[in-house]
Amino acid sequence: MNNRDQILAAVKANQPDLTPLPELDSFFQGQETALIEKFTQVLNGIGGKVTVVADVEEIISILKASYPLDQTRVISPLSSMQEIANNNIDNHDPHALENVELAILPAHFAVAENGACWLDESILPDRVLPFITQHLILIVNKVDVLPTMHHAYEKIGNEQYGYGAFIAGPSKTADIEQSLVLGAHGARSLWVFLA
Amino acid sequence: MKILDHAERADIFNEDEKRVDWHDETLWWIRQKRDKSAHQIPEWENLRNAASAIKSNTLSNLHDYLLEFEKNALQNGVIIHWAADAKEHNEIVYRLLKEKGINKMVKSKSMLTEECHLNEYLEHNGIEVIDSDLGERIVQLAKEPPSHIVLPCIHKKKEEIGELFHEHLGTPKGNADPQLLTEAARVHLRDTFLTRKAALTGVNFAVAETGEIVICTNEGNADMGAHLADIHIACMGIEKIIPKREHLSIFLRLLARSATGQPITTYSSHFAKPRDGKELHIILVDNGRTRQLGREEFRNSLKCIRCGACMNTCPVYRRSGGHSYHNAIAGPIGAILAPNLDMKQYADLPFASTLCGSCSNVCPVKIDIHDQLYKWRQVLVKEGYTSTAKQVAMKTMATTLSSPSLYKLAGKAARTTLKYAPFMVNNKFNAWYLQRDMPKVPQSSFGEWYKINRKNNEQ
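The listed protein sequences correspond, in order, to chains A and B.
Just remember that my numbering sits 1184 ahead of the position in the first sequence, which is counted from 1.
If you count the second sequence from 1, position 130 lands on 121 in my numbering, and the numbers rise without skipping.
FYI, nobody ran anything at the bench for these hints, they're computed from the structure.
In this text, all values refer to a predicted model and were calculated from it rather than measured experimentally.
In the DSSO-like style, the derived pairs of lysine-lysine whose C-alpha atoms are separated by at most 30 Å in a straight line are:
#1 B:K264 to A:K1196
#2 A:K1326 to A:K1222
#3 A:K1326 to B:K27
Here are the computed distance ranges between Cβ atoms for each label pair:
#4 A:F1212 to B:E(-1): 50 to 56 Å
#5 A:K1248 to B:N40: 47 to 53 Å
#6 A:Q1362 to B:I32: 19 to 25 Å
#7 A:A1193 to B:G117: 34 to 40 Å
#8 A:D1274 to B:D7: 50 to 56 Å
#9 A:E1361 to B:L185: 25 to 31 Å
Sample of chain A residues facing chain B (criterion: CB under 7 Å; computed from the structure):
#10 I1191
#11 A1194
#12 L1202
#13 T1203
#14 V1226
#15 H1279
#16 E1282
#17 N1298
#18 R1311
#19 F1315
#20 G1346
#21 A1349
#22 S1355
#23 I1360
#24 Q1362
Just so you know, even glycine gets a beta-carbon here, dropped at the ideal spot from N, CA and C.
Chain A on its own, in the form it takes in the complex:
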């Protein structure tokens, strides 16, 4: 027998009698209703920023006022952002993204209980982009703030992505004497716009 078959045979011989899986329905009940407030409060608490805007134009004017956009590389796959960003990326070489200062990305939805946003490969120009960029902007539809992770996975369902990630706040570490430092290896800041 090869390794695989030996391991599987040992598992089969040693595993106990079958026990049932639990019901998860109860976790969908009695959850937060002030979703935008909760999401904002939680994401602020973990170092992210949230701004509720009326429309895309408002995002553009806020970003123009906040970053020296004409001096830095700004990437976005969103056609609505083409005034301040471009989508010129080499899909075959993620290393070419190393000088990206700002990435403006859509997210499928946000989660109120933990401040996370979900993005999968269908809306990501490159897997490494939200990590390698110095600063990250995510845009989420106001109506897509879900209460909990249970609702999140219900929404993801059987989606066949190659890669997807929950992103909750800027990259951070507290490895040196438990002092919190933002900007470990991923984006130094995260700003979520609820449009």
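Since chain A is already given, all that's left is putting chain B on it; use the hints.
Structure of chain B alone, referenced to chain A:
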């Protein structure tokens, strides 16, 4: 060379009393953050019950789930490897690198590779490994193992880290500012991420239903490594399987809250398929796990999701430090996993506990950790792995406690000694006396007192 046991290593850690106090208080502070976070979730106990039940089901059907995971991962274009033990695991990693002519690799946190001593093996074979988690990089530069599964350098003071970074990364001498040191590591490791063709990561969860793996980090180092490399090798113990994608909701709600009190880690990345033109390899490792699965009393230890909550709360861990456990995984969970790997080498670990039960109370998957510590003690004594002194002491204790007349005699002897000849016990040969005062001697035993007072009452 004699291998120092937990108590001897704890003695060394305790030489610096200030550091022990800092270590103790810092971990307790993290435990309190965990409490605060957990108490905000009214259904917390239901989450723990659900997590434990999902893991029970997983263990009871692991054979089929492993096959399902393999089938789905293969369909996703992932390459699957099976390793019976640490040696095979290390050899697979080396072979994959060698086939591609790669001699430098970046690695994110993986306790499994610590368990397998992968870094030493690869370095011995001429492969340079750079750990990218900041805490792991720090202990790697210090040539030490991690002392905590979530906080690898929790035993180090920032001044020592400043000194290490000055030596290796050229930061200004005497500067121990965490912000500056983290920035220096960011710059140094960014260059590493951009130049490595191979990245190795651990795995937090592997979903049988979809064949995807989930990796959680706060720093983003697993993603930076994996997305920039030609080949991503992910290593996992076979117990990391969970049945369905929807079960991730339960575990991701529990993991970071239990670990550090965060609502979720910054990044929870789901890898299902390799990038176009790149390779994703997953190594499924047994290394004693099937044996533990067969030990009815200890199989629940395989439910562990590596949050570290049991360490942060443990009064012994907080005051003895992770290195005193001389095992890749320290603390209460390490003490019930290690004897399965080698009873002789780790016979001391189940005794490094007060059996207070705090570990079991905070465990997000409800492992009966303190019960298992107690049960391991019985197995280890029975199998003859404990010291002769301990065995003699336990036997004498058992004989004394089972005989009323011997018990009375022993009590009287102890009271007389403490009263008239305290120097017999108040000396350096009595380990109990070293950090404590001996108790005040009562006038009589309870038995004697009861006899007199019972008589008084009856009169």
